[in-house]
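Student: Following the hints, position chain B against chain A.
Each chain, written out:
2 protein chains.
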Amino acid sequence: SVNPDLSSERQTASFCVERLTALLDGGTEQTRIRRAVVEAIESDPVFSRENQYFQTQNERYEAAVRKAVHLQKKMHEMGWTENGPEYKYIYRALSGDVAFLLHRVFMRSISVLGSDKQIAKWIPLATQHKIIGSYAQTELGHGTYLQGLETTAVFDTATQEFILNTPKISAMKWWPGDMGRSATHTVVFAQLYIHGKCYGIHPFIVQIRSLRDHSLCPGITAGDIGPKMNFEHIDNGYLLLKNVRIPRENMLSKFCEVRPDGTYVRQGSQQINYFTMTTVRISLISDEVLTPLMKACTIAIRYSVVRRQSKLKPGEQEAKILDYQTQQEKLLPQLAAAYAFYFINDYLQELFNRGYTEIQRKNFDMLPELHALSSGFKAVITQHCTAGVEICLRACGGHGYSLLSGLPSLYTKILASCIYEGENTILLLQTARFLIKCFMAASAGQPVPPSVTYLAAVKHGKCPAKNKLDFLNPDIYTEAYQHVAVRLTSHTAAKLQDLIQSGVKKHDAWNQCTVQLVQAAKAHCHYIAVKNFAETVEKLETKAGIQKIMKHLCDLFALHGIFSNTGAFLHDGYMSAAQMDMVTASYLDLLAVIRKDAVPLVDAFDFTDKSLNSALGSYDGQVYQRLYEWAQRSPTNQMSPAYDKYLKPLLHNTLSKL
Amino acid sequence: SVNPDLSSERQTASFCVERLTALLDGGTEQTRIRRAVVEAIESDPVFSRENQYFQTQNERYEAAVRKAVHLQKKMHEMGWTENGPEYKYIYRALSGDVAFLLHRVFMRSISVLGSDKQIAKWIPLATQHKIIGSYAQTELGHGTYLQGLETTAVFDTATQEFILNTPKISAMKWWPGDMGRSATHTVVFAQLYIHGKCYGIHPFIVQIRSLRDHSLCPGITAGDIGPKMNFEHIDNGYLLLKNVRIPRENMLSKFCEVRPDGTYVRQGSQQINYFTMTTVRISLISDEVLTPLMKACTIAIRYSVVRRQSKLKPGEQEAKILDYQTQQEKLLPQLAAAYAFYFINDYLQELFNRGYTEIQRKNFDMLPELHALSSGFKAVITQHCTAGVEICLRACGGHGYSLLSGLPSLYTKILASCIYEGENTILLLQTARFLIKCFMAASAGQPVPPSVTYLAAVKHGKCPAKNKLDFLNPDIYTEAYQHVAVRLTSHTAAKLQDLIQSGVKKHDAWNQCTVQLVQAAKAHCHYIAVKNFAETVEKLETKAGIQKIMKHLCDLFALHGIFSNTGAFLHDGYMSAAQMDMVTASYLDLLAVIRKDAVPLVDAFDFTDKSLNSALGSYDGQVYQRLYEWAQRSPTNQMSPAYDKYLKPLLHNTLSKL
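Protein chains in written order, with the UniProt record's numbering: chain A, 1 to 658; chain B, 1 to 658.
Pulled out of the complex, with its shape left as it was, chain A reads as follows:
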C-alpha cells in the first residue's frame, strides 16, 4: 500500500508521466526494451544488490566477479548481444555493480591501437575470456600529465624484446581497475626507448599473471591499492615491473611500429584515436553522472513529501517538508538541473555522432570544438551533479546519512567522476584555451566554430526585462547568460594581453589568469546548457502538459543559475538591482509551481525500487518500515562482539582494579 502522503502527490500531476518517460527514453519502444532488461536483471537473484551496504570490500569484489561471469550466461540466455538494442541498458540495470569493466577498455584499446594482426590474435582470446585484461596508464606520480609517465620500455635488438621497468616508486602503475586481483594481462603505457633515444609514450601488452594458477609472472609485483571512498567492488591495482621482457609484437602498432633493426616508424593518423578518447568523457555522463543525480532527486523528493516535521500553520497537522520554501530551494533546482543535463547530453551525443561521421571522412575540422565541449561539459556536469547529490543527501537530514538511504553511496561514487577521465580544473582550462583562441580569432574577423560564434558579437547592451514575468522569457535569460560568457571571456583575454604586454612571460600570465579562465569556461557551458534547454522545450510536443512543465523547469534552471551567481550578471550593469529582485521573485514563485509536480517529475525517471536500493525512496513511500526492517538485517544486529571481553567485565567490575 502506498503511503497516502505520497499517492496524493501523484493524483494532481499536470502532465502524463508515462509520456514523459517515453520522451526521455526516446520513444515507447525504447521504454519497453529498457523495462524488459531491467526486469530480467532484477528478477535474477545473482544480480541482487540488497546486501551491498553490509558487505566488506572483499565481499563486494567477489560479488562483482560473480555477476560479471553470470552476465555472460544471462546475455546468451536472453539473446542480448553487444550490438543489440538491449545492450546499453544492461550496465545501468546493474547500477555498474559488476567486474571486468576494464577488460572492455583493454579490448577497445587493442581494437583502436592494435594492428590487424594484433587484433586477430588478442581479441578472440579476450572475447572468450581466456585472458582477462586491464589498462595500466596512471602511475603513482602521474595522472593528468601523460607525458610525465615514468615507466620505460627499452627495445633490445638482440632478443627482439622490449624490457619494461618502473624505475622509481612514483612510476608504479596505480589505480587500474580489474588489475589488483583479477587481470592476467594489461596494456601498459611506457616511454619507448630505442638505442637510448626516447620516443614518448606507447602502449604494450604485458602478461602479469599465470594462466595456469594466477600467480604473478616473473618480474611482476601487483596487488590491490586498498580501500577507497567507493568502488569497493573494483580491484583497483598497483603494478611494479622489473626487467619484464615482452616480444616486439606486443607493442600495439597501428600508429607506430618498431622494426626488428630498431627503426621507429610512425604510420596513419592518430586523430581518430584522440577523438575516441574525447568521446569517453561524453559517454560516461549518462550512466555515471546523470543517473546518480536522477536517483538522488527521486529519493530526496519522495522522502520530502512523506516526512512531516514541525508546523507551517499553528494548529494544523505537521507539514510535509517539501512545503517549506527552503527545502524546495534545495531540491527543485537539482531536479531542473537533472533535466537540463539530460537534454544537453542528448545534444552532445548527437554532435559527437556527427563528428564521428566527419572524421571518418577525414575531415578533422570539428575536433578542437568537440574537444573543448567534451572537456568543459564533463567538468561542469560532473561538478554540478556531484553538488546536487550532496544537497539531496543533506536535505534528508539524519536518514540521508544512513547508508540504507542509498544517498551516501550515490555521493561517494559520483564524486569520483570529478577526478577520473581528466581532473575538472584541467579540463576547464582546456576549454578556456579554446575560448580565448576563438575569441581572438573572432575579434580579428576570422571564422570560428558554431558553438562560439556568439563570442564575435560582443554587445554592450542592457537586459531589457521590465517586470518579473519577463524573466520567464527564454530570450531574456539566454541572452543574459550569453552576455556573461562573452564578458568573462573577453575580460580575461584582455587581462592576459595586458600582462604579456607589460612584460610578464606568456606561461606566467596564463597561470595568473587561470582562476578567471575557469570562470569563463563554466559560463560558456552554462550558456549552452540554458540555450539548449530552451530550444528543447520549443520543440516538444505541446500535448499532455509536458511542454508546459518542461518550460517551468527550464526557467527554474536558468533563474537558479542567475540567483546563485548574481554578481556575474550585475557586474557591468547588464542587470540592475531592480531586475535582480525580479529574478529572485520569479525564481521563488517557480519553486511553488514546480513543487506541485515534483513527485510526478521524478516518477517519470522510472527507477525501480531495486535500482534505487533506498529505504527512503521507494515507490510506496513506506520509509520508516523499510528503515527498520532493513536495519534488523544488518550484521551489527547480533550480540555485542565486545560483550564478553569488555562490557561484561566492566559492568561486573571484574576488570583489573583501576
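Be aware that one or more of the hints could be misleading.
As the list claims (entries may be wrong) - Lysine-lysine pairs mimicking DSS-like chemistry, simulated, CA-CA at most 25 angstroms apart: (1) B:Lys313 - A:Lys505; (2) A:Lys462 - B:Lys88; (3) A:Lys539 - A:Lys596; (4) B:Lys543 - B:Lys466; (5) B:Lys596 - B:Lys551; (6) A:Lys311 - B:Lys197; (7) B:Lys311 - A:Lys495; (8) A:Lys130 - A:Lys254; (9) B:Lys88 - B:Lys466; (10) B:Lys468 - A:Lys495; (11) B:Lys506 - B:Lys459; (12) A:Lys311 - B:Lys168; (13) B:Lys168 - A:Lys320.
Said to hold, decoys possible - Which stretches of chain B does chain A cover? Using the computed rule of at least three CB atoms under 8 angstroms from a CB of chain A, they are: (14) 554-561; (15) 571-584.
What the hints assert, rightly or not - Label-pair restraints from in silico Cβ distances: (16) B:Val2 - A:Lys505: 54 to 64 angstroms; (17) A:Leu540 - B:Gly219: 51 to 61 angstroms; (18) A:Ser502 - B:Ser576: 21 to 31 angstroms; (19) A:Tyr193 - B:Thr542: 57 to 67 angstroms; (20) B:Lys459 - A:Asp620: 54 to 64 angstroms; (21) B:Gln632 - A:Asp213: 16 to 26 angstroms; (22) A:Ala457 - B:Ser576: 34 to 44 angstroms; (23) A:Ser215 - B:Gly219: 52 to 62 angstroms; (24) B:Arg32 - A:Glu629: 14 to 24 angstroms; (25) A:Ser310 - B:Lys459: 30 to 40 angstroms; (26) B:Pro85 - A:Lys505: 50 to 60 angstroms; (27) B:Val2 - A:Ser310: 20 to 30 angstroms.
None of these hints come from the bench; they were simulated from the model. All figures in this text were calculated on a predicted structure; none of them were measured in a lab. Here a beta-carbon is modelled for each residue, glycine too, at the ideal position from N, C-alpha and C.
Tutor: This is chain B only, laid out in the frame that chain A set:
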C-alpha cells in the same frame, strides 16, 4: 628523511612556527600539556588507529569499546582527571575514536535534569560503570521538532509507575549512540500523560538491558540501526518500548515532578538548562568541526608541495601543484577559514563563559543573543568547514579519493555535523528570527543586544576604496560585510511586512521569505567572523612575524568571501564593478603571498602523523612510499577470493558451456 620539496618550504617561513602553535594553544604551557597527552595516547598501541581504514563496522565498534575501557585505566595511570588541564586534549588525541560518549551525555542529563536524590543514586553507578547509559531523544519520525515526539509515558496512579510505549513505528527511538549494543540504561524522552492529559516532553530513566547477561529487558526491542556514512565505531541504536513500566522515581524531576496522586508540579527555572543545550552547539565546534578542517588543510597543502605535475614553464622541471593559481585558490581560502573560525571559536567560548556567569546570577538577558549566535555559527561553521574538507579532498585528485589519504573519513565525519545538534537551515532561521526582531526593535529606537546594534545604523553610503590596496584595509572590508548584512536583513524585513500588509498570513509570509532569511543570517555571521578576525589581528604580538601573516590570512578570508559572492556587494551599488575588479586583483595577489607560508601555516597546527592518519599528509612528505606500504597491508591483498569459484573456471573454460 624529509622530502626535499617539503623541507624547502619550511626553510623560508616568514614567522616562527612554534610561537604560532603556542598562540593557538593559548600559551606554551598549554602546548606542553597537549603534547604530553598526545604522546601518552599515541605511544599506547591499544589506541592505535592504524588499521581503521581496513576494519568492518563490527571491528570498529569493538575497538572503540576496548579503547573506552582502556582509557579508564590510562587516565588513572597518568593521573588525569575530568577536571584536570589534560582532559580536554584526550578526546582530540583519540580523534574521537572511542565508545561511551553518550554515557557522558546520560550522566550530564541526570546531573542537569535530575533531583538531588536522583543524582545521588545514579551518578555513582554511572561513574563506576555499573551501568552504561545512553540518551534516547530522536525518533524515526522526529528529530528537529521535539514537540512532535510520539513516545508516551502514562502515569498509573495505582502502581505508582509510568507505562512507556512507542505506539507507532515512527515513534521508535532511532540514532542514540551507545544504545544499539552497549547501553544498559537510557534517558527516554516521552510525552507525559496523567489522567488522560498530556503535559509535553519529559525525561525518564529506563533500563533496557539486563545487568546479569545483557539480554533485553521485558517490553524492550533494541538493536543497531546499521551502516552509516561514518561513525562505524558507534552503535547508534533503535528502541521500541511496549508497556515498559518504570517507577515514579525514574522521571528526572529537577524541574517537574509528578506527585503520587498524579498532581503535576513545575518547579525552578529551566533557563539554565536551555542554556546548557545551546552551549553544546558551541562545544562541538572545536573538536568535531575545526579539527577536521585543519587536518584536511594540513594533508592537502603538504601533498600539494610534494606532488609535481605538468610544467608551468616549458623546459623546466614539473611544477609543484601548489604553484598553480587554481590550486592555491582551492586550498588557501580553506586555510584562512580555518584560522578565522579558530578565532571566532575563541570569541564564542569567551562570550559563553560570560553568559554562564550572568545566568548563574539569574540574569537571563543574554540568552536570546547567545542562542542566535550559537545557532548561526554552528550552521555557518559546520557548512563552511564541511565544504572546505571536500575541497581539500578533491584538490588531491585520485590520491585524495583513497581512504589512506585520510580525507574521505574526515569528510564523511564532518558532514554529519551539518545535521546533528540542529539541522543547519532550521538553525539559521532561528538566527534570522532574532535578527528580524532586533532590526524591528532597533528601527523603533529600542535597545538591542551588542552583536546586533549595527543593524540600527543603516547606512546608504558607498564603499570608499579607490585602489586595490585599499581592500587590504580591514575597515574597508569589514564595513562592506556590515553593509551587506544590514541590507539583507532590512530588505527581508521589508518583504515580510509587505506580504503581511498585502493580506498574506504571517506564517505563510514567513515561509515565503525563508530563502532570503537564511541569506541574512549567514551574512550576519560572516560579518562577525570577519570583524573578529580583524580585531584579533589587531591585538596580536607584532613580533616574530605572526601578526603580519595573520593579517594576510584575515585579508584573504574577507576578500575570498567577497570574491565568491560578488552579487551581494554589487547589488545596491555599494561596490562598483571597478571596485570589484580591485577586490579580485587583491585577492589573487594574496594567494601568491600566502602560498609562500602555506606549509609553515599548517605545521603550526601541530598534528602528529598518527593523528592525521594519512598517507598524503605526513610530516616527511614521503607520499608514494607510504601509499604503497600501507596498501600492501590491506586485507584485499590476498589471493583473489573469487579465483577458485569464478576466475579459474572462466579462464580454463570449465564454466558450464554458455
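Student: Could you run down the list of hints and mark each one as holding or not?
Tutor: These are the hints, each one checked on the structure:
For the hint linking lysine 313 (chain B) to lysine 505 (chain A), the alpha-carbon distance of about 9 angstroms falls within 25 angstroms, and the restraint holds. Between lysine 462 (chain A) and lysine 88 (chain B) the alpha-carbon distance is near 58 angstroms, which puts this suggested pair outside the 25 angstroms criterion. Note on lysine 539 (chain A) and lysine 596 (chain A): the hinted pairing holds, with a Cα-Cα distance of about 24 angstroms set against a maximum of 25 angstroms. For the hint linking lysine 543 (chain B) to lysine 466 (chain B), the alpha-carbon distance of about 31 angstroms lies beyond 25 angstroms, and the restraint is violated.
This hinted pair checks out: lysine 596 (chain B) and lysine 551 (chain B) have alpha carbons roughly 15 angstroms apart, not beyond 25 angstroms. At most 25 angstroms may separate the alpha-carbon atoms for a hinted pair to count; lysine 311 (chain A) and lysine 197 (chain B) meet this at roughly 22 angstroms. A C-alpha spacing of about 22 angstroms is found between lysine 311 (chain B) and lysine 495 (chain A), which places the hinted pair at or below 25 angstroms, so the restraint holds. Between the alpha carbons of lysine 130 (chain A) and lysine 254 (chain A) the distance comes to roughly 24 angstroms, so the proposed pair stays at or under 25 angstroms and holds.
Between lysine 88 (chain B) and lysine 466 (chain B) the CA atoms are separated by roughly 47 angstroms; this puts the pair beyond 25 angstroms, and the hint is violated. Between lysine 468 (chain B) and lysine 495 (chain A) the alpha-carbon distance is near 16 angstroms, which keeps this suggested pair within the 25 angstroms criterion. Distance check on the hinted pair: lysine 506 (chain B) and lysine 459 (chain B) sit about 28 angstroms apart at the alpha-carbon level, beyond 25 angstroms; violated. Between lysine 311 (chain A) and lysine 168 (chain B) the alpha-carbon distance is near 20 angstroms, which keeps this suggested pair within the 25 angstroms criterion.
Straight-line distance between C-alpha atoms of lysine 168 (chain B) and lysine 320 (chain A) comes to about 18 angstroms, which keeps the hinted pair within the 25 angstroms bound. Beta-carbon proximity to chain A at under 8 angstroms applies to 0 residues in the stretch 554-561 of chain B; the threshold of 3 is not reached and the given coverage is violated. Requiring three or more residues with a Cβ within less than 8 angstroms of a Cβ of chain A, the coverage given for the stretch 571-584 of chain B holds, as 6 such residues are present. Evaluation of the 54 to 64 angstroms hint for valine 2 (chain B) and lysine 505 (chain A) yields a failure: the beta carbon distance comes to about 31 angstroms.
A beta carbon spacing of about 59 angstroms between leucine 540 (chain A) and glycine 219 (chain B) agrees with the range 51 to 61 angstroms that was offered as a hint. Judged by the Cβ atoms, the range 21 to 31 angstroms given for serine 502 (chain A) and serine 576 (chain B) holds: they are separated by roughly 24 angstroms. Between tyrosine 193 (chain A) and threonine 542 (chain B), the C-beta spacing of about 58 angstroms keeps the proposed range 57 to 67 angstroms intact. The hint said 54 to 64 angstroms for the Cβ distance between lysine 459 (chain B) and aspartate 620 (chain A), and at roughly 56 angstroms that hint holds.
A hinted range of 16 to 26 angstroms holds for the C-beta pair glutamine 632 (chain B) and aspartate 213 (chain A), which are about 21 angstroms apart. At roughly 26 angstroms, the beta carbons of alanine 457 (chain A) and serine 576 (chain B) sit outside the given window of 34 to 44 angstroms. Against the hinted window of 52 to 62 angstroms, the Cβ-Cβ separation of serine 215 (chain A) and glycine 219 (chain B) comes to about 58 angstroms, which satisfies the hint. Between arginine 32 (chain B) and glutamate 629 (chain A) the beta carbon distance is about 53 angstroms. The supplied range of 14 to 24 angstroms is therefore violated.
Our hint of 30 to 40 angstroms for serine 310 (chain A) and lysine 459 (chain B) holds, since their Cβ atoms are close to 37 angstroms apart. A beta carbon spacing of about 55 angstroms between proline 85 (chain B) and lysine 505 (chain A) agrees with the range 50 to 60 angstroms that was offered as a hint. In this structure the supplied range 20 to 30 angstroms is violated for valine 2 (chain B) paired with serine 310 (chain A), their Cβ-Cβ distance being about 55 angstroms.
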